[in-house]
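Q: Single-letter residue listing:
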Amino acid sequence: MGKTITEKILSAHLGKEVSAGELIEVKVDVALGNDITSPLAIVEFEKLGVKSLFDPDKVVLVLDHFVPNKDVRSAEQCKFVRQFAKKYGVKNFFDVGQMGIEHALLPEQGLVLTGDIIIGADSHTCTYGALGAFSTGVGSTDLAAVWATGEIWLKVPQTIKFVCSGKLNPWVGGKDLILHTIGDIGVDGANYMAMEFTGEVIPKLTMADRFTMSNMAIEAGGKAGIIAPDEITLEYVKPRAKREWRMYSSDSDAEYVESREYDCSQIEPQVAFPHLPSNVKPISQVGQVEIDQAVIGSCTNGRIEDLRLAARVLKGKKVHKDVRLIIIPGTQQIYLQAVKEGLVEIFIEAGGAISTPTCGPCLGGYMGILAKGERCIATTNRNFVGRMGHKESEVYLANPAITAASAIAGRIAPVE
Amino acid sequence: MKITGKVFGKFRADINTDEIIPAVYLDTTSDEELARHCMEGIDTEFAQGVQKGNIIVADKNFGCGSSREHAPIAIKACGVSCVIAKSFARIFYRNCINIGLPIFECDQTDKIKEKDILEIDFQTGIIKNLSTDETYSTTLFPEFMQKLVEVGGLMEYVKQKNRL
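These protein sequence lines are chains A and B, in that order.
In terms of the numbering used here, the first sequence opens at residue 1 and continues consecutively.
In terms of the numbering used here, the second sequence opens at residue 417 and continues consecutively.
These aren't lab readings, by the way, just hints derived from the structure by calculation.
There's no promise every hint is true.
[What the hints assert, rightly or not] Here are the simulated DSSO-like pairs of lysine-lysine, each with C-alpha atoms no more than 27 Å apart in a straight line:
| hint | chain 1 | residue 1 | chain 2 | residue 2 |
| --- | --- | --- | --- | --- |
| 1 | B | K426 | A | K391 |
| 2 | A | K391 | B | K563 |
| 3 | B | K502 | A | K47 |
| 4 | A | K16 | B | K577 |
| 5 | A | K155 | B | K563 |
| 6 | B | K468 | A | K155 |
| 7 | A | K27 | B | K577 |
| 8 | A | K155 | B | K577 |
| 9 | A | K87 | B | K575 |
| 10 | B | K575 | A | K27 |
| 11 | B | K577 | A | K161 |
| 12 | A | K87 | B | K468 |
| 13 | B | K563 | B | K468 |
| 14 | B | K544 | A | K47 |
| 15 | B | K529 | B | K544 |
| 16 | A | K51 | B | K575 |
From just these sequences and the hints, can you work out the full model?
A: So this is what it looks like as structure tokens:
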């Protein structure tokens, strides 16, 4: 019996063959924490009384959720993480000025590579599966244990295979494919399992589209969202990597718990209605939904390709007078690139507000909080009750082009 | 070990961690403060009403969404003795095991009502509903996870394994 890419990566790190269902303790290549999950981990780690991190160079700390600090309490938390990074010699510590939204930043900086095992105290750590890595989100205590030992306990997951065939329609990208998938299997459709995206459509997707798909695997309960590496992956990884990487792919006779096939030529741009990411409708069936705010950014869709899409739609147009458009580049590099390419000029001339990189509004932190009864269309990943502000506000999830078109129209709208 | 407690909080499917502890409270590591806002995203009166030893019961996929460990910490710190649900989201599940908040997967939570008195045998996983005289079975943890729970959570396990 053959093995899935996930089983192969875990087996290689363990030095022995393992299959789905086995419980293992395995060494990781990268352990990630941010400004809201690290403080709890630091408290647990320091209780252990160990003098050093297992390997400071494999630890990455990114201050991104509530920075630049939104208030005194978030400033205190960041100070706590900053002091920890200094005390334990963490070189890969990213503060305001160098930071970006973690899941846009780590691949960009070449810190996470093809074939790695990455754990992060952030649910969207599954993003790096797009590189052909095994990458999953955990809690703060898990992170503390990894800091001390370099190891994580895991159950080798079963895998659901998604076969995406056909030709993509205009303005359809990774966001639409993953929303469609979540709509199909539900918010716990892949609970405890790895999602593996395959089929003729996948090799044609940009890395940005692939990151978006893997990023939202957690929205279907997935432990990982993995894509076999190819030429496009290598083109991305090669100039960034400062260490070796290894490429794996699933055997043709690998065992899957299920295989689902999608004819992507039937998929329109998708919109997830409140209050679950699985509550999706094709754009043609959205009806009249007026909006107060549009947010383009986040670890899901804050990459340069996303901003280019938004700029194509917004160029020479004006944001609707009743809509606030907020655009948040994922990293400083993406921000700079957007400036150089003239995208920022397009956004500002259209009436959009540009923010420094931050998770900010996606999790209702700041930088675009909604009042009672307000509606927002966003390129983010969750539309739970109260996610972006008041409990009686609403979030609709969509791709960057649809979000930009909606900001112009004042209601959820297709690209004209 | 057996525990007996009253059901306080009977929740629907897909309760997410934003509902258990809204993101505005992620700027603290204080157990007491998190406890004061437990379940605030879905029931603003939960934290005032909950008493030590109460049991939370829910439908499937409890704890979905973010990895925030603040969620199980808030539940544990407000005195809840265990959570029973049809299923748990993955990260929440491992966070509970890691911090020592007992959880039970039981596919018959539809039969349990608010205020029912439940007796749970931690060894066998059998739940007795003393209010209705019904008995429900639960899925037992795999051996490794049982060991984590028995030693008192992940950090204790790490300490013992590495002789720290």
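Q: Given the hint that K155/A pairs with K577/B, test it: the Cα-Cα distance must not exceed 27 Å.
A: Distance of about 19 Å is within 27 Å: holds.
Q: Mind checking the alpha carbons of K529/B and K544/B for me, to see if they're no more than 27 Å apart?
A: Holds. K529/B to K544/B sits at ~13 Å (cutoff 27 Å).
Q: With a cut-off of 27 Å on the C-alpha distance, tell me whether K87/A and K468/B pass.
A: Roughly 39 Å separates the two Cα atoms, so the pair is violated.
Q: Need the status of pair K27/A, K577/B: alpha-carbon distance at most 27 Å?
A: holds, 15 Å
Q: Has the given pair, K575/B with K27/A, been kept, meaning a C-alpha gap of at most 27 Å?
A: holds, 17 Å
Q: Assess, step by step, whether the Cα of K391/A is no farther than 27 Å from the Cα of K563/B, and give holds or violated.
A: Roughly 40 Å separates the two Cα atoms, so the pair is violated.
Q: Quickly compare the C-alpha distance for K563/B and K468/B to 27 Å and report which way the hint goes.
A: holds, 25 Å
Q: Regarding the pair K544/B and K47/A, is the alpha-carbon distance no greater than 27 Å?
A: Given pair K544/B, K47/A is violated - Cα atoms ~38 Å apart, limit 27 Å.
Q: Is the hinted pair K502/B and K47/A satisfied, with a Cα-Cα distance of at most 27 Å?
A: violated, 34 Å
Q: Please verify whether K51/A and K575/B have alpha carbons no more than 27 Å apart.
A: holds, 13 Å
Q: Measure nothing beyond the straight line between the CA atoms of K468/B and K155/A; if it is 27 Å or shorter, mark the hint as holding.
A: violated, 33 Å
Q: Can you confirm whether the C-alpha distance between K155/A and K563/B stays at or below 27 Å?
A: Measuring from Cα to Cα gives roughly 15 Å; hence the hint holds.
Comparing the model with each numbered hint stated earlier shows that hints 2, 3, 6, 11, 12 and 14 do not hold.
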